[in-house]
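4 protein chains.
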Amino acid sequence: MHKVEVYRLPMGSPDDLSALEALLDNGTIDARDIIAVLCKNEGNGCVNDFTRGFTTLAVKVLLSERLGISRDEVANRVALVMSGGTEGVMTPHMNVFVRKQVADRGGIPAGEKRLAAGIAFTRDFKPEELGRMAQVREVARAVREAMAEAGISDPADVHFVQIKCPLLTADRIEDALRRGETVAVNDTYKSMGYSRGASALGVAVALGEIPESAVSDEKICSDWSLYSTVASTSAGVELQKCEIIVMGNSSEAASDLVIGHDVMRDPIDMQAVLRAMKAAGLRFDVLPGEGELDRIVNVLAKAEAPSTGQVRGRRNTMLDDSDINHTRSARAVVNAVIAAVTGDPMVYVSGGAEHQGPDGGGPVAVIARAD
Amino acid sequence: MHKVEVYRLPMGSPDDLSALEALLDNGTIDARDIIAVLCKNEGNGCVNDFTRGFTTLAVKVLLSERLGISRDEVANRVALVMSGGTEGVMTPHMNVFVRKQVADRGGIPAGEKRLAAGIAFTRDFKPEELGRMAQVREVARAVREAMAEAGISDPADVHFVQIKCPLLTADRIEDALRRGETVAVNDTYKSMGYSRGASALGVAVALGEIPESAVSDEKICSDWSLYSTVASTSAGVELQKCEIIVMGNSSEAASDLVIGHDVMRDPIDMQAVLRAMKAAGLRFDVLPGEGELDRIVNVLAKAEAPSTGQVRGRRNTMLDDSDINHTRSARAVVNAVIAAVTGDPMVYVSGGAEHQGPDGGGPVAVIARAD
Amino acid sequence: MHKVEVYRLPMGSPDDLSALEALLDNGTIDARDIIAVLCKNEGNGCVNDFTRGFTTLAVKVLLSERLGISRDEVANRVALVMSGGTEGVMTPHMNVFVRKQVADRGGIPAGEKRLAAGIAFTRDFKPEELGRMAQVREVARAVREAMAEAGISDPADVHFVQIKCPLLTADRIEDALRRGETVAVNDTYKSMGYSRGASALGVAVALGEIPESAVSDEKICSDWSLYSTVASTSAGVELQKCEIIVMGNSSEAASDLVIGHDVMRDPIDMQAVLRAMKAAGLRFDVLPGEGELDRIVNVLAKAEAPSTGQVRGRRNTMLDDSDINHTRSARAVVNAVIAAVTGDPMVYVSGGAEHQGPDGGGPVAVIARAD
Amino acid sequence: MHKVEVYRLPMGSPDDLSALEALLDNGTIDARDIIAVLCKNEGNGCVNDFTRGFTTLAVKVLLSERLGISRDEVANRVALVMSGGTEGVMTPHMNVFVRKQVADRGGIPAGEKRLAAGIAFTRDFKPEELGRMAQVREVARAVREAMAEAGISDPADVHFVQIKCPLLTADRIEDALRRGETVAVNDTYKSMGYSRGASALGVAVALGEIPESAVSDEKICSDWSLYSTVASTSAGVELQKCEIIVMGNSSEAASDLVIGHDVMRDPIDMQAVLRAMKAAGLRFDVLPGEGELDRIVNVLAKAEAPSTGQVRGRRNTMLDDSDINHTRSARAVVNAVIAAVTGDPMVYVSGGAEHQGPDGGGPVAVIARAD
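Residue numbers (the working numbering), protein chains in the order written: chain A, 6 to 376; chain B, 6 to 376; chain C, 6 to 376; chain D, 6 to 376.
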């Protein structure tokens, strides 16, 4: 029987692990129980964001020393998912997922579902598979594996699936072409979107949100009516496979926490944030009070500039701004909307929401202490 | 007896005056009644933001042709205040202030205060006066002049004072030094802050928020405990004097509109936005419904990154981000918070709030139709 | 018989036409003789660069008042080509092309070729024509028309062809789709490249650099082995047709100036700059001395980040930098290389060189006083 | 007797040490001989450039494993100097300085001076000392120590002094104020300039370029007529002391390399680059040929936007560009000018040249193989 704990820890810089070290030092966290580290890094979240790799190296060095294993072994044991971009008032931070074996559920009433989490890795992808059905199917398989590991059987109990996925580099594209293969897209930056999109559709297929037959190579990054309401995917150059963290609720879990989610239809959809809070068990009528807000461990959301260049029929300049990448603007906005409700800017908002919620919107999940 | 109307018009580009032209063509607006044009322009809002000058030229050309006067005469007759920066989901737009002479107040109950507006210009400032008490005093004088023109006698009835003020250029600094004078600050970019700050303190003095004796050259841009709760100032290279728009309520006004304000204590202070709505007459308990929101003509706010690098005790990276100017981030955040409540991203948020509300916060005003 | 003069005038801001006004006031330039204004504007040179439109409006207002014609008539009479981006040490400036009717060639030896210039406009393009053969063919036709107007019959005498061309907007794309047509590319930003590329190939076809049969829709922005060595094209949202300025030498021209060109193979190809100087008649062995440099009126060049991410086998980060658009970096580099030779940063470098010279390189032309 | 070798190694990313690892693996470099690593990192070179820390961590991890010592011990033994910003065509790379004990000078003629290098560290600075005479004096002391370690006695033989120095953070400023002290400047970003400036003046004092009596707290970052012609300093948040690398020539050194330098008067001063090449022993008349260029190991230069906003009397927009920090533009330009001559963009250009050469210019040094 598992008990999942989530520690949200502020970071003073990409290599500031002092909060985590303190918890390891004082015994609050046993390094062997860490299954995943999900960071909001202060880089630009785009191609040349090296804060992700910096934090990854720092975490690997720390955990390899604490666990007495190599840095490679750390990477095979713990899902390390770094998401760049803390625009606006967003606070750089890490979420450490800890899973302990416990004997029983303590006083938790039977049948009451609590937070469960599982991780899984896909096999390495060939460049010609990225952004295509091969990736969709393999991600779907691994999501189901992570669900099983988490002890979640009903797809409706899955509320957030965070995936870190590969992208195409010039080298990888050349490798495919040399072998007579083609790639989904020839542009390195665009391949991030295709990989995120295929991963998200893999989640949708695994959870039955979309039948596999409805997806095809052609529809990836093209038919935006197909999407998952719980997928959150981000691409990085540092891996060739996908790393998957499934979060949901289970009547087998012994956690003190619960997760719930909803879908923002656009970047200022405050009502979706409020519904997600209620889904995680917060009690309030119109806006939650301080006591209820104190139960929140974190809010996790995806942000995206609508492809229409408009929100609620009003023009914005996010897609036309050649000085600031639109993903940066979208993160600032969604974080501000959530922080306006929670009163806390240290919430997790990630950009680039291909097939993750409707165009311009995205999933929003709340992890909270059960009352 | 005056009736003030405010037209909020979307702009497709800095020179897109098509919405205004349509209202002039169909007679809704008589060009002779326009007293001020307040724009939210889609440039970066910083030093090299030429969208402000572009719109200014376009408006001057249009009004000079409609009024049969020179472009210089337009500038002497109409306050043209351009504020750059529509980050996040903010919609580029203009606010056209129209003031008509009317015979009576129609059915407005006696004693009920309605929107009044007045404009005034200071004399040209010498470079050595900028950012110092000379500017504070002259702005205070002109604010009182604009109040009188608006028919507002009680300072408590003033709810927003928008000022466009000059800055120091290399040429102007050199001119002062050549004459044996000193300047408040040697840095062109920083002089924008000093001019905004001195202008804001001039408003505070005019309205009795601060006694003139409490202000001194040394305290400008240094003692942040001194501030106005209704000033909104922006600096531009294109003028040597200040242009002032005073907005308030008056029992002499015959307008259908009312204005109210409050003060945001930080960029995510949604409660201040809600209080400003109530101050403008909107009726609701926790959050306003659609019917009440429909009464809003515009929300006007100032945004600023707190100098502490923190919001609600949480670190952010706005001041350390060398890729995006912090004023751009702050505008995106405050606009998102307001839009989350109003459901409309076409609201006016301006950056750089020296002595305009507390550190990291700023005034927020709501103009709404009376019910 | 024509005499062409080129005035290179510094600009203090996008609407600073003071240098031109002075020349009009003192009679050096007769407004009726102006055939083209080619500006290097200080915006970002990307999608949201409004300095181009700002200068265009300012020039139209000035010339309409000086010529006593409408602003639209100015646009039909004078080619107004604005190119954004003055990165690094590049100086914002304008080049005013003046063409006068003269009786004879003065003392110019018969057969000696001198600067000739002609302008032409294509018809308006439908959205479905942009970036396709229809644009290539119509541009080729108009280039030949401009050559004829310039009095140049031999394509080898053409040394620089500057074109301003349209782009696809969301509205124009929708218009095409509604009529059952397709467009070359669905992305607004990318359409700038397709329009620049098709325009450049139109020049190549007109001048016989490439047979028309070698070009097809598929090869535009795809087969980079096809290019013109004299085309310089830039896209802007403000027009639906192409505006073309042809510069070359003619034995019929009575100008004091000569033009020559060469092709930079990469952004640091200083030798190509030196060869272009020699082609324009400068006399020197390895590097030109001050006396020869004084004969230069302007250097015009195209800049581009190589698609390989490398220059001379060395990696650079221009294409991976998500904070600075690569066209901005490329302009800074090429301008610096030219300025290092000329000792003058006020030279014209434009970005985005699709089918204008080889991948990563581009044409460079020198206009100089004949000795 | 010392032999100094310099390995210039390309980096594919901030943590790409593969080229160094290969040289360690094949025995070309013995890790125990490494005295300094000087990197050109691909971050923005400004406040939030974490590529510097990323490379530092990666180098520490590698060398601690190769040397069997802790990461802290690596930092005490090897000068690790990271300089951010590879704008334009500049190639991210590292320079590894190796110093071996050798028995004799081989066939080097007596009296012929060859490359010598030494490192030294200052004591930790208190915040109130930064940017003031205390820093100037302690840096001067440490520079003399590094000269002695390098075996250089004549200051005229010193050709480049690279220093990494601390900066003020909010915490450090507060610490000083709490103890009743003042700081040179209250602004974190500006403190970088003060620390760089004081370090450079320390070099100038140590080398007798300026008498110590000519420098005072007031003149630091104020009197630009005071400067060193060989100092290159950069500030970083990760240290409290200065790390110093002195490079020069010595008749006691057994190296195959020689160093020479000159001073660029502005960012396009190609002639200074050529003079520095000659100073390093390259033989050519006007421009060096390929054979001579092949002898160059690296070119090291400082770049800066002139405070006048002009180069050779021509305006540029570097200081007014609120989208791109001016240090980024200046690096792109100086790198391009050097690369245009060397034909190799992998040269070291660092920004922020306070008291390092004249306003807008800076030192340029060439390390070359002796012929």
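A portion of the hints provided could be inaccurate.
Treat identical chains as interchangeable: a pair holds within one or across any two.
Stated by the list, open to error - EDC-like cross-link-like pairs, simulated, lysine to aspartate or glutamate; straight-line CA separation at most 20 Å: (1) LYS118 with ASP325; (2) LYS105 with ASP222; (3) LYS224 with ASP192; (4) LYS118 with GLU10; (5) LYS8 with GLU179; (6) LYS195 with ASP325; (7) LYS118 with ASP376; (8) LYS283 with GLU70; (9) LYS224 with ASP176; (10) LYS105 with ASP261; (11) LYS65 with ASP192; (12) LYS65 with ASP21; (13) LYS246 with GLU154; (14) LYS65 with ASP299; (15) LYS65 with ASP77; (16) LYS131 with ASP180.
By construction, these hints were calculated from the structure, which means they are not laboratory data.
Each hint, compared with the structure:
In this assembly of identical chains, the alpha carbons of LYS118 and ASP325 never lie at most 20 Å apart, being 45 Å within a copy and 43 Å across copies at closest. With identical chains, the CA atoms of LYS105 and ASP222 are never at most 20 Å apart, being 40 Å at best within one copy and 59 Å at best between copies. In this homomeric assembly, LYS224 and ASP192 come within 20 Å of each other (Cα to Cα) both inside a single copy, at 18 Å, and across copies, at 17 Å. In the homo-oligomer, the alpha carbons of LYS118 and GLU10 lie at most 20 Å apart inside one protomer (15 Å), although the nearest pairing across protomers, at 57 Å, exceeds that limit.
Within a single copy, LYS8 and GLU179 get their C-alpha atoms no closer than 46 Å, and across copies no closer than 42 Å, so neither meets the 20 Å cut-off. Taking the closest pair of Cα atoms, LYS195 and ASP325 come within 20 Å of each other both inside a single copy (17 Å) and across two copies (12 Å). Proximity of LYS118 to ASP376 under the C-alpha cut-off of 20 Å is restricted to the intra-copy arrangement: shortest distance 12 Å within a copy versus 49 Å between copies. For the homomeric pair LYS283 and GLU70, neither the shortest alpha-carbon distance inside one copy (41 Å) nor that between copies (51 Å) is at most 20 Å.
In the homo-oligomer, the alpha carbons of LYS224 and ASP176 never lie at most 20 Å apart, since the shortest distance is 26 Å inside one protomer and 24 Å across protomers. In this assembly of identical chains, the alpha carbons of LYS105 and ASP261 lie at most 20 Å apart only when taken from the same copy (12 Å versus 61 Å across copies). Taking CA atoms no more than 20 Å apart as the test, LYS65 paired with ASP192 passes in neither setting, with 30 Å inside one copy and 35 Å between copies. With identical chains, the CA atoms of LYS65 and ASP21 are at most 20 Å apart both within one copy (13 Å) and between copies (16 Å).
In the homo-oligomer, the alpha carbons of LYS246 and GLU154 lie at most 20 Å apart inside one protomer (19 Å), although the nearest pairing across protomers, at 50 Å, exceeds that limit. Taking the shortest alpha-carbon separations for LYS65 and ASP299, neither the intra-copy value of 32 Å nor the inter-copy value of 41 Å comes in at or below 20 Å. Proximity of LYS65 and ASP77 under a CA criterion of 20 Å is satisfied in both settings, with 8 Å inside one chain copy and 18 Å between copies. In this assembly of identical chains, the alpha carbons of LYS131 and ASP180 lie at most 20 Å apart only when taken from the same copy (9 Å versus 40 Å across copies).
The structure fails hints 1, 2, 5, 8, 9, 11 and 14 (numbered hints given earlier, in ascending order).
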